[in-house]
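Engineer: Throw the hints in and build the complete structure from the sequences for me.
Chains as they are written, first to last, in the numbering used here: chain Y, 1 to 147; chain L, 1001 to 1147; chain C, 2001 to 2077; chain U, 3001 to 3077.
If you're looking for bench data, these hints aren't it; they were derived computationally from the structure.
We put the beta carbon where it would ideally sit given N, CA and C, even for glycine.
It cannot be assumed that every hint is accurate.
Claimed, not checked - List time: in silico DSSO-like cross-link candidates among lysine-lysine, alpha-carbon distance up to 30 Å: (1) Lys51/Y - Lys1125/L; (2) Lys1012/L - Lys30/Y; (3) Lys1079/L - Lys111/Y; (4) Lys51/Y - Lys1051/L; (5) Lys51/Y - Lys1133/L; (6) Lys1051/L - Lys133/Y; (7) Lys2062/C - Lys1125/L; (8) Lys3046/U - Lys133/Y; (9) Lys1079/L - Lys26/Y; (10) Lys1026/L - Lys125/Y; (11) Lys1111/L - Lys125/Y; (12) Lys3044/U - Lys133/Y; (13) Lys2044/C - Lys1133/L; (14) Lys125/Y - Lys3004/U; (15) Lys1030/L - Lys125/Y; (16) Lys1125/L - Lys2044/C.
To be verified - A short list of chain C residues far from chain L (calculated; beta carbon distances all over 12 Å): (17) Leu2010; (18) Ser2025; (19) Ala2061.
What follows is each chain in one-letter form.
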Amino acid sequence: MSDKKSKNVFIKGAISSEFIGNSIAKHQTKTSIGAHNIFLGQVRADLVNNKTVSAIEYTAYEDMANAKFHEIREAAFEKFELTCMHIYHSLGTVNVGEICLFVFVSSPHRKTVFDALEFIVEEIKANVPVFGKEIFEDNSHQWKVNN
Amino acid sequence: MSDKKSKNVFIKGAISSEFIGNSIAKHQTKTSIGAHNIFLGQVRADLVNNKTVSAIEYTAYEDMANAKFHEIREAAFEKFELTCMHIYHSLGTVNVGEICLFVFVSSPHRKTVFDALEFIVEEIKANVPVFGKEIFEDNSHQWKVNN
Amino acid sequence: MLIKIKYFGLLTEVTNCQEETIDFSGNIISELLELLFVKYPNLKNKEFQVAQNQELVPVEAKLLSNEIVLLPPFSGG
Amino acid sequence: MLIKIKYFGLLTEVTNCQEETIDFSGNIISELLELLFVKYPNLKNKEFQVAQNQELVPVEAKLLSNEIVLLPPFSGG
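Structural biologist: Spelled out as structure tokens, the structure:
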């Protein structure tokens, strides 16, 4: 029932709602699962000095990022009784309102998925070398800072 | 951006992955959202005394359940800075591997959605009069107990 | 007074019905329950809560509605 | 020894390149950084971490690879 193998994490451009729906559908054969928890990061139209963000352009130090995603996956399976776990992150341009991060954990029980999902998302934000360039409507930009 | 109005919570039968995908897609116009968190309850093929659960049949004291869902919604909007929130629960038969509960919260920031989603799911489990009858493969049954 | 009593989940298997109307002259919920325990001796062994006007109430509560609902432990989700 | 240096995010705007190869004779990462601070005075004001063999390392670490990566604060998700 578990699929702990390393997966391709990066997706070119936005992550579509169809992709997420399909991913959910694929888990219907895994009948030991009782609870799924999904985190989606969506690009916000932040207002900074009277300019509105219209997109984020993501780049990554891909080799290290994939190694870190793998470490996070291993740590999560070690720490939590998960049935499966999927992480997808965008590279390139993601427009406002589109999804740039999709984290999906499944387990027999709900408590496990709540704890696991928050752990994984915080680990990604803190430890994966991905860089967001916020593009404003006038094509100027600033580098995104996580908090 | 907020939609705090009371919604129809109950859905006849399983909640499809397409429905969930569409629900995600509808939020792409809400550009103040930075984080979504989704909980899905899926019917587990539990083994009880050598018999395997094949479906759960849900009934509810609907009037009180809808009132409780509304109270939970109000409490969540009061407690957390949410942009929107959706709850759907199945009534009737949901087969193993299918989804019976869909809770969807969105906010500008991730910390908010983690706290809110767990609060809402625990409130639903504790306070909403819904009853699950676990049907085994041989058509015998037992009444589900939450923990 | 005619009181409608509704049962849910497991309790419907004890009472063999989902609702019934009972003529009741008392005014405390626990007195109504005593009547039901006579009719359905097995009901006494079951865990349940009582709702009145869509809110859970203690069995010592006064009967304020002509509809009383007996609810076994919730198991949604 | 030829060392390849990679830059990401904001840092690419300071260096105007994504990678470059530098001839370096020291063996501590901080010495390499001193060289880069001479070449790019603005780099000193930027917050960054150094990775070697896909792991973050302190600047006092020994140079163990011929590829060093300068990473500004992460902002994924």
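Engineer: So, for every hint listed, does it hold in this structure?
Structural biologist: We went through each hint and held it up to the structure:
no.: 1; hint: Lys51/Y - Lys1125/L; result: 44 Å, violated
no.: 2; hint: Lys1012/L - Lys30/Y; result: 23 Å, holds
no.: 3; hint: Lys1079/L - Lys111/Y; result: 21 Å, holds
no.: 4; hint: Lys51/Y - Lys1051/L; result: 62 Å, violated
no.: 5; hint: Lys51/Y - Lys1133/L; result: 55 Å, violated
no.: 6; hint: Lys1051/L - Lys133/Y; result: 55 Å, violated
no.: 7; hint: Lys2062/C - Lys1125/L; result: 28 Å, holds
no.: 8; hint: Lys3046/U - Lys133/Y; result: 16 Å, holds
no.: 9; hint: Lys1079/L - Lys26/Y; result: 34 Å, violated
no.: 10; hint: Lys1026/L - Lys125/Y; result: 26 Å, holds
no.: 11; hint: Lys1111/L - Lys125/Y; result: 12 Å, holds
no.: 12; hint: Lys3044/U - Lys133/Y; result: 21 Å, holds
no.: 13; hint: Lys2044/C - Lys1133/L; result: 21 Å, holds
no.: 14; hint: Lys125/Y - Lys3004/U; result: 27 Å, holds
no.: 15; hint: Lys1030/L - Lys125/Y; result: 23 Å, holds
no.: 16; hint: Lys1125/L - Lys2044/C; result: 25 Å, holds
no.: 17; hint: Leu2010; result: 4 Å, violated
no.: 18; hint: Ser2025; result: 26 Å, holds
no.: 19; hint: Ala2061; result: 16 Å, holds
Going through the hint list in order, the structure does not satisfy hints 1, 4, 5, 6, 9 and 17.
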